[in-house]
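Residue numbers (my numbering), protein chains in the order written: chain A, 1 to 552; chain B, 553 to 637.
No lab work stands behind these hints, which were simulated from the structure alone.
These numbers were taken from a predicted model, which means no experiment stands behind them.
It cannot be assumed that every hint is accurate.
In silico lysine-lysine, BS3-like type, Cα no more than 30 Å apart, as pairs [said to hold, decoys possible]:
1. A:K449 - A:K12
2. B:K554 - A:K143
3. A:K202 - A:K12
4. A:K284 - B:K554
5. B:K613 - A:K319
6. B:K634 - B:K617
7. B:K617 - A:K319
8. A:K342 - A:K449
9. A:K546 - A:K202
10. A:K198 - A:K336
11. A:K14 - A:K198
12. A:K284 - B:K634
13. A:K12 - B:K634
14. B:K634 - B:K554
15. A:K14 - A:K284
16. B:K617 - A:K293
17. A:K470 - A:K546
18. B:K554 - B:K617
19. B:K613 - A:K284
20. B:K613 - A:K293
21. A:K284 - A:K446
22. B:K634 - A:K14
23. A:K14 - B:K554
24. A:K336 - A:K284
25. A:K14 - A:K202
26. B:K594 - A:K319
27. B:K634 - A:K143
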Amino acid sequence: MNGANFIVQALKQKNITQVFGYPGGAIMPLYDALYDGGLNHLLCRHEQGAAMAAIGYARATGNVGVCIATSGPGATNLVTGLADALLDSIPVVAITGQVASNLIGTDAFQEVDVLGLSLSCCKHSFMVQSADQLGPIIEQAFKIATSGRPGPVLIDIPKDIQLGDAPEFTSLKVLATENNLSTPIDPSLIRQTREMIKSASKPLLYVGGGVGMANATQELRNFIQYTYIPSVCTLKGIGVIEHDSEYFMGMVGMHGSKAANFAIQECDLLIAVGARFDDRVTGKLDEFASHAKVIHLDIDAAEIDKLRLADLAITDDLKEVLPAIEIETFISAWQKHILTMKSNFANRYDHPGEAIYAPAMLRQLAEMKPADTVICSDVGQHQMWVAQHMFVDRPENHISSSGLGTMGFGIPAAVGAQVARPNDTVIAISGDGSFMMNVQELGTIKRKKLPIKILLIDNQRLGMVRQWQKLFFDGRYSETILTDNPDFVTLASAFDIPGETIVIKSQLQDALTRLLESDGPYLLHVSISEEENVWPLVPPGAANDKMMESLQ
Amino acid sequence: MKYLLIIQGENSPELLERLLRVCRHRGFRVQNINGETTENEKSLHVTLTVCSDRPVGLLSKQIEKLFGITQVAAMGQEQVIKASA
């Protein structure tokens, strides 16, 4: 058995059935082993697409996503995807080929210091230096990717090690580490948490992506059902709380709901659960929830006190913490106030004229979609409209590049999600800017005949940048006008993806139905006005209650 | 503020690089560094003097997270002076 065959066997033993990648010189031995190795491999049309498909796969299932690339440019193309996975804490294992050991450091063909490159965009990375390291390193890589706060791990494997003899594959050793031993939560912390919750008159839950990643969605829902504490969520926390939960106000932050942002500023106890006080959430940090004590529950100790000092913090598993801190609350005045705000500041979908209003369209699509639909969003105005106006009831069903904000994420993420969940509807929602950033992945959709529904919202602009240019740069539209976009329906047709363009409201219902009911992939290209903006908006440097709601 | 960090880890070719990258990225300037490998290059011991306006906990907690780091102790300047007196 050679090293490459060993890698395939090891991946299979880690219950990996699907990988995404792109072949090349230094990874050819592994591709030879994949040829009849019994793993499903999906060829993406760019390594960045492979990394993002692995992310979509991981996010739609909670399992590890695996991507493979060659040395040099193959590996550098993976980097944006790995950084995306790092910022959103997604378990991904990336395998890269490297030039042969004796050529490393000689500026050989397609040689780049991938281990060095990976240091700032991976949770951890390895370079394999001998065949007998392969097993332990693969085992460690999966453990690191999935344990604690998950993240991407890269394994760089020189070509000679892939080709050389490897130990006979028996099985990977189960690593006994101290992480496996769970220590009980400090009872005094639990007691103090319960006392703080009980004595608060305006407690608020601030729920992030960590809850879903901890597999603690049900525990959080139970906590809410027990305490009736009002709640807001982050972009990555969407889907954790049922969208129609009585005191849930939706997303908080720069494009959060008015009710959520006011509630944050008014609360006297903020319970942050699997969230990290990101600048897009807090606005002006000094004024964020300035009347509140903070309880911070997060598995990553480095997040505690990083941006906001916590009055109390617990870094144990949320699955154990949340049931332990359930306590009866007496907050009816606060609950009533939340309901009043929810009603006063409810989203409105009335919109004058014939032109399609994207928020209303997305709301309509959310109501029409099958129950367990996965929504993969790209990055920009449409992403915020999706977060504000669509709804899902599982965190695995809203896949959005949140921390890194990577344009071009939506289509390859949808590829990964659809491969992972072939029986569920997957909708990719993109903008005309983002769509073009990984448009080559339409080739992957064609190759695998993936029935992805693409909703392309086209304002012929880089809309979010245009909005900021309008608001903060005197309307100087530097390089954001895309009136020379290609004909998207024709472009999609070149990949055997049927589609249509709509421009007015009266076309919507039928077109959305055709999109959802298409057997295979479909592109619904929707033209909207370039003047539409995302509201509300907390301007840079302002506190969250200083929201702009129009151009005036 | 100046801080002293005493760090131990299981050595790997890139561990020192990993450590210094985190110091720089998290906003700490390295003013002094001493280190050596022991046990036939299996372990790495490093002492760093770093300087930053940020509290040292922001750095030490990031270093503790690094795979391969086994121990981190961080001291403020005053503690260092007391310890050496």
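**Prompt:** Keeping to a limit of 30 Å between CA atoms, is the pair of K613 of chain B and K293 of chain A held or broken?
**Reply:** Holds - the C-alpha atoms of K293 of chain A and K613 of chain B are around 23 Å apart, at most 30 Å.
**Asked** CA of K14 of chain A to CA of K202 of chain A, is that 30 Å or under?
**Response** Answer violated: K14 of chain A to K202 of chain A is near 46 Å, above 30 Å.
**Asked** Has the given pair, K634 of chain B with K554 of chain B, been kept, meaning a C-alpha gap of at most 30 Å?
**Response** 14 Å, holds
**Prompt:** Can the restraint linking K14 of chain A and K554 of chain B be considered satisfied, given a maximum Cα separation of 30 Å?
**Reply:** Measuring from Cα to Cα gives roughly 45 Å; hence the hint is violated.
**Asked** Are the Cα positions of K470 of chain A and K546 of chain A separated by 30 Å at most?
**Response** Given pair K470 of chain A, K546 of chain A holds - Cα atoms ~18 Å apart, limit 30 Å.
**Message:** So if I understand the rule, the pair passes when the alpha-carbon distance is 30 Å or less; does K284 of chain A with K634 of chain B pass?
**Reply:** 38 Å, violated
**Prompt:** Under the criterion that the straight-line Cα-Cα distance not exceed 30 Å, is the pair K617 of chain B, K319 of chain A satisfied?
**Reply:** Between K617 of chain B and K319 of chain A the Cα gap is close to 21 Å, so the pair holds against 30 Å.
**Message:** Hint check: K14 of chain A vs K198 of chain A, CA-CA at most 30 Å. Holds or violated?
**Reply:** Since the Cα atoms of K14 of chain A and K198 of chain A sit roughly 44 Å apart, the hinted pair is violated (cutoff 30 Å).
**Asked** Between K336 of chain A and K284 of chain A, does the CA-CA distance stay at or below 30 Å?
**Response** 28 Å, holds
**Item:** Straight-line alpha-carbon gap K594 of chain B to K319 of chain A, limit 30 Å
**Value:** 37 Å, violated
**Prompt:** Straight-line Cα separation of K14 of chain A and K284 of chain A no greater than 30 Å?
**Reply:** Violated. K14 of chain A to K284 of chain A sits at ~44 Å, over the 30 Å cutoff.
**Prompt:** Is it true that the CA of K554 of chain B sits at most 30 Å from the CA of K143 of chain A?
**Reply:** Violated, at roughly 36 Å.
The structure fails to meet hints 2, 3, 8, 11, 12, 13, 15, 21, 22, 23, 25, 26 and 27 from the earlier list, while all remaining hints are met.
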